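Chemist: Each chain is listed here by its residues.
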Amino acid sequence: MLALQNIHKTFEARPVLTDVSLTVPKGATHALIGSSGSGKTTLLRITLGMIPFDKGYVKINDQALLSFSPVEWADRIGYVPQDGGLFPHLTGYHNVSLIAKLRGWSKSRIAARVEELRGLVELGEDILVRFPHEMSGGQQQRVAIMRAEMMDPAVMLLDEPMAALDPLIRRTLQQELKSIFQRLGKTVLLVTHDLGEAVFLADQITLLHEGRVVQSGTYAELLHHPADAFVTSFINAQRMLPDAAAVA
Amino acid sequence: MIRPLLLGFVLSGSLPVAAQAADKIVVGSKAFTEGFVLGEIAAQTIEAGSRVPVERKLGMGSTGILFEALKSGAIDVYADYTGTLSEAMLKRPDLKSIDDIQHALLNLDLVISAPLGFNDTYALAVKESFAEKHALHSISDLARVAADIKAAFSYEFMDRKDGYPRMAEAYGLHLAPQRVNRMEHSLAFQAIDDGAVDLIDVNSTDAKIEKSNLRVLKDDRRFFPVYQAVWVARKAFAERHPREWRSLLALEGSINEQAMINMNAQADIQKMSYAKIASQYLGSEAPRSQSWQSGILLRTREHLWLVGVSLLFSVLVGIPLGLAAVRFHAAGQGILITSALIQTVPSLALLCFLIPVFGVGTKPALAALCLYSLLPVVLNTFTGVRSIDPRHLENARAFGLKRSQILFRIVLPLASPTVLAGIKTATIVSIGTATLAALVGAGGYGAPIVSGLSLNDVPTILTGAIPAALMALVAYGVFEVLGLALIPAGIRKRS
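Sequences listed follow chains A and B, in order.
So for the first sequence, the numbering used here puts the first residue at 5; every next one is plus one.
So for the second sequence, the numbering used here puts the first residue at -18; every next one is plus one.
Rather than coming from a laboratory, the hints here were simulated on the basis of the structure.
Nothing here was measured: the structure is a model prediction, and the numbers come from that model.
Treat the hints with care, since some could be wrong.
What the hints assert, rightly or not - Some chain B residues close to chain A (C-beta under 8 Å, calculated; not the full set):
hint : residue
1    : Phe380
2    : Arg390
3    : Ala466
4    : Ala470
5    : Ile472
As the list claims (entries may be wrong) - Below, computed lysine-lysine pairings styled on DSS-like, alpha-carbon distance capped at 30 Å:
hint : chain 1 : residue 1 : chain 2 : residue 2
6    : A       : Lys63     : A       : Lys105
7    : B       : Lys114    : B       : Lys52
8    : B       : Lys142    : B       : Lys131
9    : B       : Lys114    : A       : Lys59
10   : A       : Lys111    : B       : Lys383
11   : B       : Lys72     : B       : Lys199
12   : B       : Lys216    : B       : Lys72
13   : B       : Lys383    : A       : Lys105
14   : B       : Lys142    : B       : Lys216
15   : B       : Lys131    : B       : Lys108
16   : A       : Lys63     : B       : Lys383
17   : B       : Lys77     : B       : Lys52
Positions of the beta carbon are idealized from the N, C-alpha and C atoms, including for glycine.
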């Protein structure tokens, strides 16, 4: 379980996050959605333990972030950066195994774990010897998920996992991602600006606006019982195409 | 060994002890034909009557470098001229007699011999045909053709108190400034031979005057002081090695003007080795000259040493400085500007500044090369690290990598193409610049270049220039291979 409780963060006396709370139950997928400037990136960095915050708690399975060393915390959160964020100078295999290697894992233990994860994300054997620029977008993403899962973290955090991909590939990848999540059975927090992606992948959605939680709930709840007018306008703005009747 | 010690001292930056500690006698010389010949004569004279090993540091740049070298104890003895000592070194043109000069030098703990027997004064010369055409006999006659005469003067002559500016003043001579070129002395003969210039400065004992068919113009207003050749030595040397110093004093009054011109001609025109000329003059057996292969081998070793140490320094110091420049903004600008400023100091000037601190020989050359090779490494490290996509660093932090792990696993590999390119530039520049090290007696490929330049002897120059170029080519190839080994394959082709 991942819990963010009453997080406050000001930056140069300007509030960036005000009393933000959200909880992702064990095994669930939760989408944090908002337009740019909503504070979702700041919340993500706080969850990763990379920046301090003023008030509140970040907890994984009821253990607070601040009770861990940065390394211990990093191993409890599997992080998939924007567009995978693979290191360009390392092969797929070395991207996946880098952290385990630095933690002193044996070669055979690393190899076994990589093999296990490769099965889980259904990646071809020959892909891992390639460098990121020799992989397709989907392959890069699966390698990035393997890297995030390497230390078997309690929570997985994905930041705009498909921002740079074209819409057709995106749809296929979203389906793959969903089945990977199901197979892994992980607690997942997904940060995105794309409502469609959030609805497709997540059980629950939290809409962030100007550093506050506007509404948390299922898509149906947001759609049918919007907390305020912003929720409705956010949803409407993301319905891309007009109805057939409107353009006839 | 001396070399590892030297490395330690270069890296630690501690002050050196003067080179006198080891029991040897170091003979220096100026970097023109007569200097080489006299240096060789001094070396062989000492060797003939002494067991103390003699080290030759011949062809050491300008008078200023030699005088500094002597004062700092980096050399023990060399041949200079009374006029030069009083005018350029002591800045006391009023000192005319040997006794006066000796007295002034004693304050600097230096001693001189009586004149060796010839006066090598500055003089102005024109082509015989040009002199005929314009009826030129004396410097005063130049006034008639001053408006359209083209001159090439050596750097020292242009800058010395007893040189061109005062001379022009004394004679009321007004040459058009844009027609007065500064030029390396031995090349001036080439220039006047080719008709590129009409007037050059010469030394009166220069054999090329006759060869180039030049007319020396009479110093009818007696502007130029007398330049009697003398031995100049450290007092400590004369006291420590009285027998050796006496053997040099025995040459007083023994080399007349014609003898000196002949010896210069043997070097400049007949291309005899300095060692052979000196031994012929002294009536002794020439020291066995080394084979050209072992000569090149020795110079290659010296050159590699200069380049290798400065390279090691630039890597060990330059990369951390470049990283510091990225990390600390204000200090970073300071680091970049300082290393750029060092680069703008002309190499000869830098060498000259370093002599009082490091003496002559390998030390100041190494220090200068280290400073020069710093900028490309610092700058490229800075640029390479700055151009890394900041998201990679952020991600590395999110994965829990420690600072040192980020540096060695992410930052340096990603910046490696640029950093390596900087090291490559530093190496190749340093191979070129190291040829100047010969001017302070550090040897290397510069030695034949300097002596070839003084003889205007292209083949001799090439025996230094070609190996230096080859070394640069090899270095280039080595870095290509290093690139394959050090730059991660994933970023090799794309950058």
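Chemist: Hint by hint, which ones does the structure fall short of?
Modeler: 3, 7, 9
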